[in-house]
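Chemist: In order, the protein sequence lines correspond to chains B and H. Numbering-wise, my numbering puts 214 at position 214 of the first sequence, and it's gapless, one number per residue. Numbering-wise, my numbering puts 59 at position 59 of the second sequence, and it's gapless, one number per residue.
It is worth saying that the hints were derived from the structure and are not from the lab. There could be a bad hint or two in this list.
[As the list claims (entries may be wrong)] Simulated coverage check for chain H against chain B, where a stretch passes if three residues somewhere in it have a Cβ under 8 Å from a Cβ of chain B:
#1 91 to 102
#2 112 to 120
#3 155 to 168
Even glycine gets a Cβ: it sits at the ideal position worked out from N, Cα and C.
Number of protein chains: 2
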Amino acid sequence: MTAADMISLNQATVNKLTLAQAAGLCVRHEFPAIGLWRERVAEAGLAAAVAAVRAAGLHVSSLCRGGFFTHADPAARAAAIADNKAAIAEAAELGADTLVLVSGGLVPGTRDLPLARRMIADAIAELVPVAQRSGVRLGIEALHPMFAADRCVITRLGEALDLALRFPADSVGVVVDTYHVWWDSTVLADIARAGDRIVSYQVCDWVLPLPADVLLGRGHVGDGLIDFPPISAAVAAAGYAGYVETEIFNERIWAAPPDETAATVRERFPLAF
Amino acid sequence: MTAADMISLNQATVNKLTLAQAAGLCVRHEFPAIGLWRERVAEAGLAAAVAAVRAAGLHVSSLCRGGFFTHADPAARAAAIADNKAAIAEAAELGADTLVLVSGGLVPGTRDLPLARRMIADAIAELVPVAQRSGVRLGIEALHPMFAADRCVITRLGEALDLALRFPADSVGVVVDTYHVWWDSTVLADIARAGDRIVSYQVCDWVLPLPADVLLGRGHVGDGLIDFPPISAAVAAAGYAGYVETEIFNERIWAAPPDETAATVRERFPLAF
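Next up, chain B with everything else stripped away, as it sits in the complex (with noise of 0.2 Å):
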C-alpha cells in the first residue's frame, strides 16, 4: 500500500448526503475509508451508523468532531466535556481512527488568549482518561489563525503539538490539514517532530480569493495555491501511514452533483504526493 492508495473521503465535502448517501458514494467511487461528521451519525442513529459503514466495507478515518472547550460558564464547560465523552463513545463504536478536536475560540466576553488554552489543556486531560478506556485517540487540530478569535486558539501545528506531547502518546494527537498550516515556515520541521502523534491528515487547496464567508474558501486538491507534495512526504517520513483524508468546505462542491465531487476527488487525490 502506498500513501495514495489511503484514499477517505470526509463527509463533510459531500454535505448534503445522509450518512448512508455518503457511504453508498464511498462504495460507488472505492473509497476504502470515510471521514464522518458526528451532526450525520447522530440523524443515522449511532447503532445504524455503525452497521452502514460496516455493511460498506468502510473503515472510519476519523469522526468530526469533539472540542469546544472554551465557555465563560462552568455549566457550559461541563456540558462541553459531557458531550466530548459521547463523542468519544461514539468513535469507539465507530472504530474511528480518531476523534478530531476543534478546540474553540475565545472565551465569550473575554480577550484572554492564555486563559482559553488553560482550558483546553484542562479539559483535554479530563477526557484523556474516558479516551484511554475507550481506545479512541484524540486528534488536537490546529485552524488556521483567521479562525482563532471564534472556533480555535490553536493555531500552528506545533502548538497542538506542545500541547498533545503533554498526554500519553496512545490518547493524544494532532491533525495535520494541509489548509490550516500550509503557510507556516515551520510546518515541515513540525511534523517532522510530531512523529507517531500524527492521527490524521487531511488535504484541501487554499484557493483566493478568499469567500466572504472564510469557512467555505476551500478547493479540491490542484485548484489553489498549497504545494501538497512537500506536507505529504514529510508527513509519511514522519511514519504516518493511515488515511490521507480530503475534506472540503465550498459552497459551489456542495452544489456539485456528489459523484462528480467524488470522482474529482478520486482523480486529484494523486497531486497530493
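Mind docking chain H on chain B? Use the hints.
Modeler: Just chain H now, with coordinates in the frame of chain B:
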C-alpha cells in the same frame, strides 16, 4: 514620555485625505507623528511632502511601503529592487523611523514558499548597503497568514525576526502589528527576542465577522478581540520607545469624517496599554 504619549496616526486610517490634509488633521488632534504612504508622498511630490510634515512639526514614524520582492521575471525583480531603492531615498528625505516592507506572496505561477522566501532574503541583502548609506532602517512586517499566498509569505513575527537577524541591526528590523500577530502563541516571546530590532509598533483591532475583503476588516482599538496590554507591555519591555501607530483599513472608517476618526483613535489609544 510614556508610550501613551508616542501616538502616531498612519495616514492609511484616513485614506481619503491628501498628505497635506492628513498632516493638518494630525496637528488639529495633537498627534506628534504620522505614518506616511508612498502614493500620497508621490502625489504631493517628495520635496513638498517633506516641507509639509516639517511645517506641521510632525515626526514621520514610518513610510509604507517597500517590498513585493517575489517575481518570476528577472526584470520585474530588478524593477522591484529599483523601486525599493527609491523608497529608501524617500524614507531618508522624510526622516522616517523605518521603511515598512511587505515582502510579497508566492511567486506567480508557483506554489513554492521556500523560493519566495529566498527571493525576499536576496532582495533585502541587496538593499541593506543602500539602507545603511541612507541611514534608513528596513522594517520587515509579518502579515497575517491569510495573506500568505498573495501578499506576504512572512507570516509570523518570529519568522520576520529570524530573517532580520541575518542582517545588521542598524539597517534591518521588524514591524510589530497587532492585527497580524495577536493570535500567535509565541508572539510575546518573539517580541522579547526581537529587542532592539523592533522598528515600528502598529495597533488596530481584529473585528468579527471578517468582511468580504479580508484586507479591510480592521477596527479601532477596543472594537475587537485583541488583548493589547500584554503585547504593548512586551514591546516596551523589549526596549522599544518609539511611536505607536494606529493603522486601520476599513471601508466604514474611511467613510467617516476624518476628524471623528482622529478623535476616536486618540480616545481609544490608552486602551492599547
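Chemist: All hints are to be evaluated individually against the structure, with a verdict given for each.
Modeler: These are the hints, each one checked on the structure:
1. 91 to 102: With 0 residues closer than 8 Å to chain B, the stretch 91 to 102 of chain H misses the three-residue bar; violated.
2. 112 to 120: holds (count 3)
3. 155 to 168: Three-residue rule met by the stretch 155 to 168 of chain H, so holds; n is 3.
The structure fails to meet hint 1 from the earlier list, while all remaining hints are met.
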